[in-house]
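2 protein chains.
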Amino acid sequence: MVNQRADIGWQSSKSDSSGVSNSGESSKESSRCSTPVLDADRSDRLRDKMKRRIESGDRWFSLEFFPPRTAPGAVNLISRFDRMGSGGPLFIDITWHPAGDPGSDKETSSMMIASTAVNYCGLESVLHLTCCNQTKEKITAHLNKAKHLGLKNIMALRGDPIGEDWVEEDGGFNYATDLVKHIRCEFDDYFDICVAGYPTGHPEAESYETDLRHLKEKVDAGADFIVTQLFFRAETFLKFVKDCRAIGITCPILPGIFPIQGYHSLRQLVKLSKLEVPEEIKQVIEPIKDNDAAIRNYGIQQAVEMCKVLLASGEVPGLHFYTLNREVATIEVLRQLGLWTEDPRRPLPWAVSAHPKRKVEDVRPIFWASRPKSYIYRTQDWDDFPNGRWGNSSSPAFGELTDYYLFYLKSKSPKEALLQMWGEELMNEESVYEVFTNYITGHTNHNGHKVMCLPWNDDPLAPETNLLKDELEKVNRRGILTINSQPNINGKPSSDPIVGWGPAGGYVFQKAYLEFFTSSENVTALLQVLKKYEPRVNYHIVNVQGRNITNAHDMQPNAVTWGIFPGREIIQPTVVDPVSFMYWKDEAFALWIEQWAKLYEEESPSRMIIQYIHDNYFLVNLVDNDFPLDSCLWQVIEDMFTLLDSPQVSQDEGSEL
Amino acid sequence: MVNQRADIGWQSSKSDSSGVSNSGESSKESSRCSTPVLDADRSDRLRDKMKRRIESGDRWFSLEFFPPRTAPGAVNLISRFDRMGSGGPLFIDITWHPAGDPGSDKETSSMMIASTAVNYCGLESVLHLTCCNQTKEKITAHLNKAKHLGLKNIMALRGDPIGEDWVEEDGGFNYATDLVKHIRCEFDDYFDICVAGYPTGHPEAESYETDLRHLKEKVDAGADFIVTQLFFRAETFLKFVKDCRAIGITCPILPGIFPIQGYHSLRQLVKLSKLEVPEEIKQVIEPIKDNDAAIRNYGIQQAVEMCKVLLASGEVPGLHFYTLNREVATIEVLRQLGLWTEDPRRPLPWAVSAHPKRKVEDVRPIFWASRPKSYIYRTQDWDDFPNGRWGNSSSPAFGELTDYYLFYLKSKSPKEALLQMWGEELMNEESVYEVFTNYITGHTNHNGHKVMCLPWNDDPLAPETNLLKDELEKVNRRGILTINSQPNINGKPSSDPIVGWGPAGGYVFQKAYLEFFTSSENVTALLQVLKKYEPRVNYHIVNVQGRNITNAHDMQPNAVTWGIFPGREIIQPTVVDPVSFMYWKDEAFALWIEQWAKLYEEESPSRMIIQYIHDNYFLVNLVDNDFPLDSCLWQVIEDMFTLLDSPQVSQDEGSEL
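Top line first, the protein sequences correspond to chains A and B.
Residue numbering for the first sequence follows the working numbering, beginning at 1 and increasing consecutively.
Residue numbering for the second sequence follows the working numbering, beginning at 1 and increasing consecutively.
Worth flagging that the hints you see were computed from the coordinates, not collected in a lab.
Certain hints may be false.
Just so you know, same-sequence chains aren't split out, so a pair can sit in one copy or run between any two.
Claimed, not checked - Taking lysine-lysine pairs in the DSBU-like style, the calculated list, with each CA pair at most 35 Å apart, reads: (1) K598 / K147; (2) K415 / K216; (3) K242 / K138; (4) K359 / K531; (5) K532 / K492; (6) K147 / K289; (7) K274 / K469; (8) K136 / K474; (9) K532 / K271; (10) K531 / K51; (11) K289 / K357; (12) K598 / K242; (13) K308 / K598; (14) K474 / K492; (15) K359 / K532; (16) K410 / K308; (17) K532 / K145; (18) K282 / K469; (19) K598 / K289; (20) K152 / K450; (21) K410 / K274; (22) K531 / K492; (23) K359 / K585; (24) K239 / K492; (25) K181 / K469; (26) K531 / K138.
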């Protein structure tokens, strides 16, 4: 809700340079990222969540972002959503960017960024919408589209004039109040509506009092809460709240917090938003204006002090941060305030989408554990989502995943970085084994680069997978190319920092799971070995042509993660589902080509090696059903190698596949 | 399928005298009794089950019963179904009894007995149907009714003539073939159809060969399998099968086995069915004709020998037993053959109904654990049954239970026995505590009678509840009148003989559960104590007026029994559901009056004591959510008594309720 044109300025000067690698923060596996919420939070609308938090006295924070200018910027912003989402914001909001075709399907539009935050990052999101330069019909169309995409909250603004002064739009609105009325009139109570408050009065308003009356009109028209423009002194906001209450504004009023992050950005901002920087701040920063670090430290310090006063006043239920799409300063302020809670408790083991249609969803196939956004994308057209039992969902139809470059699925790493990680030139299949092994161990490859991602995993190993590191290293070295795994868990507390999820006081369980690509020679031996492990181990083995070998009973799903909680039914959030595996198989094999082979020239030896693996290897998944015992899956692999090392047997069985 | 009039004879002479107490076998808790079946068996139709058993080489047995003559006879027969069902018959069949108004709603009709076997005892059942004395329309009406009641299998018979010779019925059928054709014509493939085979030819047939041809016609008309008339020599049956195969009959042919149980019943039977008893048998039994035990032993011996020959021939996939509604001989033969498998593995912890509509049902509230028939009765009109999750079922509407004397809900004990158990005269509330305590301990009361049942439990304690015996005795003695409980279980094998259920290789779990009536004074102290056990213990406390005190979160159900199995989703067959508890509450309180108070004269002190308890006590249920730890529920009760024993506190809190 910061001045729109100011957004543009910030974006062009800063946003694209503060990507992952510069943030200096450890990345978390994307499947782990979600707003840690209570059950009720999952289903309630934003205003109800606020109400409950106010009643319980739990303070919250929210984060404002603006849409990126470029496609790579969008990819970066989405990973920032994942990272900043893990701190537990009550909501985020996305500014409306008139110059950026904000309602379009472009990957950088306000609409698409907000939709991505809701659907793919699972964040409660507020989409800004301004009257500026828009007809009533266009606004209605935007709102319809937002509703269709699962957005439930609108920040209704007039917006800043395009030129120096506001020009009335024919058939449009001239005041935010009109926009609020229009939303309530056309969409009844569907949206939660936020409006802007100006602690020192809107720069164009006749007076502070007039501006307060306008704010009252906006609330009376149907707004649910207020977020304020930034300010520099706590008393400015507290007086404003007092004045609002005095004229009968009773809804939540959230202070807009702007941690000063640099001399020039501050100057630009105050010029555009016509704010005055208090003398005491000017006096501190003028002498250090060329020392970015010093200014940032001061900005953090200043914001923390001000927020402490605000929170201590008892008038502030939550803090709203103007992040300028940057992470460090805001997170540091929140950490110092004790509001940044990287809560190890996740509502489910995977990121819950915030789309209202997916509210009850609580079961997913394990295959997409590292590609949750792909799963959401491919199931976005489902009318119902499985709840309680996977088997309840009638024959799921997965959308095709032909476009591997959909921006919310795109790798965070550019082609050059991928080549450095996965090899400028591959010599043979063993070169590929080495890439997998280095990914597991975290060691640098012979060019001195760490393998931070694989086509199937855009993030470093999850802490949970780390528990299996030694075994994974051993088998990858020998051509068991693992892409997904989990250890068995026999009743750990739901609060466990690594494997815990769900409400407090519960217990979580898992069956050991291992999924990998391997050669057909290995599979022949493996099948021989698996006979010894009936019925303890369930397996599905498939090649790119879809030849499918399994011992799954009646093609039933196998629950591999479940939790028991006080006063609830059993929750089983991940299953190994034979039917979905065939959809996943297509995606898993295609990633060899789309993400890896295509890095190399056609006909090049490197490309042909990847193509060979794609054409000849099998994708295997194994479940050890006996979760209270130590996983036998490593022994299965060991037995397979033992069999292969006995020349006679491997010869006899060589023709089986 | 034994001659109809012979049924009548057996019934009048024997059936009502072989009730529970005479059977000499230990009774099992009714909620535990069900045909132990595989998953596939639960959903497949009878002919598919046979097919699978034939393919896998698993031999089966089936049991024939005839409808009882009296209402108490029906109650006895139903408990016999429960007991004999536990041995694992593939199906049972109920003869059609033209003289007994067989298609009516009378509790002794063939139709109602078969319906009870399917719906309330969970037994795959075949209903006999004869052409005799019936119009086509009447037959169609019977079939429609059978279908509506959930019956899926018909034994299509001509039936025996009413008089000496067969009289053609106007608009009826004269041959079983016509009946088979009619069923296929009117009901397509809905029913599985069985027909009768006569190893020595039908007594009225022109010749053995003509009779074989008639059998071929019946099969060609659409019959799925054949059950034969009884015979005395294995070679009789084996020749018959060979002859059937020779003329192209390929369906399963099941030998009808009749263990000789007495001299007179045998004579009567052979006379009516026009069979000849072989010389070698006559020679053995004539000399011992007055020694019932000796004849029975011989009959068992003879049947076992003959069955061994049949099974060894490889031509016999299953054995069909003419039980004459008696248990001992048939069970003994089956035991000696190794076919009687009191499989401790139950598909679910409660008896699965065999009604096709309830096929997918796998969750029930725990409250009816000892009254499963009442639960089935009260939910019979549901369109869908909860599957996977109780919460999925939309606001369940329970049927009223006003008739406590529905025959399948009736106590097996007559009024006199109940008075002996529960007291001819009650002195005070403590007399009632004593009845509960004696039920738990199995001790005799001061009149020398054991308390074998309570209004809420028609069977002695389940083996599982026995695990809690000592604690239960202690609390019942002090007025915690327990009616339902289960220990906590943290992952016992699904094959555990006491608490196991479900497929092999799995693990079962339970949360500790305790349900009891107790005085309002106790409840006041209990509520005080329960504060210390938040959120570990969930409780629901309600009195007859419906005043409800609970700490259940959002009125959500709490899963208290669940199981994890190889290659499957999680199963959670019992829940504590706050909504259903209010329906159960009505039933639980009403049982005080209907089953107990009404044993005494109106205005009598005994009746007034029960009425007082009914009016003033609370029904309480407690769940300890922390299933891996020792149950804290006994400590909760202990703390309650400690609080009550501290005079000051109990005074302070005395007014709370």
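(request) Go through the copies and call it for K532 and K145: within, between, both or neither, with a Cα cutoff of 35 Å. (result) neither (56 Å within a copy, 51 Å between copies)
(request) State whether the alpha carbon distance between K239 and K492 is at most 35 Å within one copy, between copies, both, or neither. (result) Neither, since 50 Å and 64 Å both go past 35 Å.
(request) Up to 35 Å between alpha-carbons, please classify K147 paired with K289: within, between, both or neither. (result) neither (45 Å within a copy, 88 Å between copies)
(request) Could you figure out if K359 and K532 sit no more than 35 Å apart (CA to CA) within one copy, between two copies, both or neither? (result) Classified as between; 34 Å across copies, 42 Å inside a copy.
(request) Give the relationship of K410 and K308 under a CA distance limit of 35 Å: within one copy only, between copies only, both, or neither. (result) Classified as neither: same-chain Cα gap 40 Å, cross-chain 70 Å, threshold 35 Å.
(request) Using 35 Å as the alpha carbon limit, work out where K598 and K147 are close: within a copy, between copies, both or neither. (result) Answer is neither; intra-copy 38 Å and inter-copy 62 Å both fail.
(request) Classify it for me, K532 with K492: is the Cα-Cα distance of at most 35 Å met within a copy, between copies, both or neither? (result) both (30 Å within a copy, 24 Å between copies)
(message) I want to check one pair: K532 and K271. Are their C-alpha atoms no more than 35 Å apart within a copy, between two copies, both, or neither?
(response) neither (75 Å within a copy, 59 Å between copies)
(message) At most 35 Å between CA atoms: does that hold for K415 and K216 within a copy, between copies, both, or neither?
(response) neither (53 Å within a copy, 76 Å between copies)
(message) Checking an output row: K359 and K585, CA cutoff 35 Å. Within, between, both or neither?
(response) This pair counts as both: shortest intra-copy Cα distance 27 Å, inter-copy 33 Å.
(message) Within, between, both or neither: how does the pair K531, K138 come out at a Cα-Cα threshold of 35 Å?
(response) Classified as neither; 64 Å inside a copy, 57 Å across copies.
(message) As a check of your reading, is K598 near K289 (CA-CA no more than 35 Å) within one copy, between copies, both or neither?
(response) Neither: 47 Å inside a chain and 93 Å across chains, both beyond 35 Å.
Hints 1, 2, 3, 6, 7, 8, 9, 11, 12, 13, 16, 17, 18, 19, 20, 21, 24, 25 and 26 from the earlier list are contradicted by this structure; the remaining hints agree with it.
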